[in-house]
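Protein chains in written order, with this note's numbering: chain C, 1 to 259; chain P, 1001 to 1317; chain F, 2001 to 2281.
Please note that a few of the clues may not be correct.
Partner residues aside, some chain F positions facing chain P, computed with beta carbon under 8 Å [unchecked claim]:
#  : residue
1  : 2010
2  : 2017
3  : 2025
4  : 2032
5  : 2105
6  : 2110
7  : 2112
8  : 2199
9  : 2235
10 : 2240
11 : 2244
12 : 2261
13 : 2265
14 : 2269
If you're looking for bench data, these hints aren't it; they were derived computationally from the structure.
The beta carbon of each residue, even a glycine, is placed where N, CA and C say it ideally should be.
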Amino acid sequence: MTTPGATPEPKIQILDLAVAYSDGTESLQGITMDIYAHQINVLFGPAGGGKSTLLRTLNRLNDQADVALQRGQILLDGEDILERDYDVIQLRRRVGIVFARPVPLPMSIYENVVYGLRLAGVKDKAQLDAAVERTLKQAVLWDEIADRLGDSAYALSGGQQQRLCLARSLALQPEVIMLDEPTSGLDPISTFKVEQTLQNLKKDYTILIVPHSVQQAARIADWAAFFLQGQLVEWGQGRQVFTAPKNRRTEEYITGRFG
Amino acid sequence: MAHSDQPLSPTPQLSAAPGSGKRGTLAETLISRAIQVTGISTVVLVLLIFVFLIREGLPAFVQVPLADLLSARWYPIEDYFGLLPLIAGSLIITVGAAVIALPLGVATAIFIAEIVPDWVRDILKPMVEILAGIPSVVIGFVGMLVIVPLFRVAFDTPTGLTAFTGIVLLAWMALPTVVSVVEDVLDTVPRTYRDAGLALGMTRWQTIAKIVVPAGKSGILTALMLGVGRAIGETMTVMMVTGNAPRIPSGPLDIFRPARTMTATIAAEMGEVAQGSTHYHVLFAVGLTLFVITFAINLAAAAVVFRRTKRAERMLS
Amino acid sequence: MSRQLSQRIAFTLITLVAGLVILPIMAIIVYIAIEGLGAISWSFLTEMPRDGMKAGGLLPAIVGTLALTIGTAIVAVPIGMGGAIYLSEYAKDNASTRAIRIAIINLAGIPSVVYGLFGLGLFVIFLNFGTSIVAGSLTLGIMTLPVIISTAEEALRAVPQSFRLVSTSLGGTRWQTIRRVVLPQALPGIITGIILGIERAAGETAPILFTAAAFFLPQLPNSVFDQTMALPYHLFVISTQVPGMPLQIQYGTALVLLTFVLSLNIIATLIRRHYRQKRVW
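Extracted from the complex, chain C is given alone in its bound form (with noise of 0.2 Å):
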């Protein structure tokens, strides 16, 4: 876990965002945080709270849903990303997703791997090889699957299939990785490795996930943040938010008192 008391550099900083959908859905309210460099970032809070909002405004895959109102600011490295001219292919290559329920495009292990490297046109093929090792490795992957890159990525488990996906994100060396929940669908074993690869992923990362329940955001959060309604109730260093939480919703959600 992170080494409490030394202030870690802001990688991503949120400023007063405000997002509403058109049909009056999941929406965001004066959001102010700061996302980690090198620490895994949590956010939770019941369904509905604005954390996969948040998420899709971060790599602005909300650019092509019916987004009604969008305000406010998001630095990354300083430079506001909501700015309508800013380079969205680029962000979307250093911000990743992962998301909730596993994706495997329907194409060959080794092709979903370098699907966003063929898309940035990369075409040397050692350049490629040497990508699909080093982030199935890193998605602790590379061991069962490594003598069969060519099969339909939908002969992978679940499991297996949800780390696929994160090893695709990872080709494209982002600076963030996002994570929507991203064990949801898994069972313990596989959760327990998704958990293991993220605290080896933090080094050279920063990580943002949404955990799929307030047990994993606890186990995992070297930050985390509350969201509740599209509000962000509390944020804080994750020792602090789970064991003594300032703020009483903050406190009744983590011990279930609703949910």
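Add chains P and F to chain C, keeping to what the hints say.
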């Protein structure tokens, strides 16, 4: 793991990649534009069709007095351009075909969607689609050789070429449209409705008749309209089996006498008229009338469909 | 009357009706096959018609129909696919999209003979292509558009949204996503739609009556600006316009046309079935 010294920023290759420009590459922009243009071209085409029908059809309304167009006599060689018999012919045959096709189509759709097991369904569905693929000239041909002699004897008419012959064949030809639309709609009626019916102790038939079919009502209406649209536009079959006599029926039994539709008139006569003659323009005017009628029918059908999707979207969100 | 009995009666009635609808489909095909098979021979398929079409073969009509079919595809496929991709991947839910949808619905509903009039007015007369393969192909192509657009759009929409999201999240542009993920997955469905659309065009008579078809022309077209014989129109001509036509030639012609059209139909069905089973999602 030996990757802790990996660079954290994207590799140089990546920053030079396609799509790294502010709004994508030139190729991307060109392709997107081209795709947009093709999308919009459909609207342009409809307008173009309308414009050309008006351009060639409008002179008819100038050259022939409206009272003559609305008269009961179509005899172009002597400049009688009364459209009423043609409109009446189209109307009778279309309405007749719809009246037959709707119940048959709904029953067939219920049969395929609700009664038979899945493997039978997998055979029957493509078969109905095959019917949609049989060229109308082939159906007209078989109609002439098989149905027409049959009806000549059955209804004791001199030729067997009657409005009713056209009605029967058209109804059959409109069925694939009706069946597939109704079947789709029955398919979208949620499983839970059916289960609820059965759980209440209803028989399968009661569930179908009292729950499933009423739930698909708007779809059945759409099917009716699309079927009518299909029937009114059918050309070759009606031309081959209805006898093509332009007359206004005087009673209901007249469906057992020959009739002539607007479509058959255009098809039969356009090849022989001088371009630019009054007859030529009148035939275009008939086409324009058909265009407007089918436009209205399809617009109405579309309105039903749009309303249905909106409601479905609301229920899903 | 017991509820079980009423169910039995209703199901029996419905089965009878369905039989009344479905059995003639088989009957008509079998009937034409039996009656027409006697006329089919190598020379029937490869020779020019002779003696006022009462003898000889169908060659110019077959070639003409093939030419019109290919021409239709050349016109309809690019526009149809572009339109479908636009509606499925680009269009927002706004007034102009609704206008396009209404336009397509109406294109689908316009009677084929009205397409013939339009083709006559625009291609034959206004653009001065004359009665020709070009004019006929353009007319049939436009008529085929709605079929291709709606089936292709359906195939594109069936590709899971999550694939698009993943591709976008990995830095894919919209077109990269379409080309690498969406199109390959939708392709079997799109091809099915194209074949079904072309099948319909191949069997059409009314649109080519005044745009392409020749009554009797015992020679092969030299260029796309020539008029041509075509199977559907030829069948119409020999069955209604030529007295004393041997029945067997009529049935034979119907059989050739039906075989051509139905094989397209069956190919389309097989492609769809094959890929539906292979699909992973």
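These are the hints, each one checked on the structure:
1. 2010: holds (5 Å)
2. 2017: holds (4 Å)
3. 2025: holds (5 Å)
4. 2032: holds (7 Å)
5. 2105: holds (5 Å)
6. 2110: holds (6 Å)
7. 2112: holds (6 Å)
8. 2199: Since chain P brings a Cβ to about 5 Å from residue 2199 of chain F, closer than 8 Å, the hint holds.
9. 2235: holds (5 Å)
10. 2240: holds (6 Å)
11. 2244: violated (15 Å)
12. 2261: Check passed: Cβ of residue 2261 of chain F comes within 6 Å of chain P, closer than 8 Å.
13. 2265: holds (4 Å)
14. 2269: Hint on residue 2269 of chain F: holds, closest Cβ of chain P at ~5 Å, below 8 Å.
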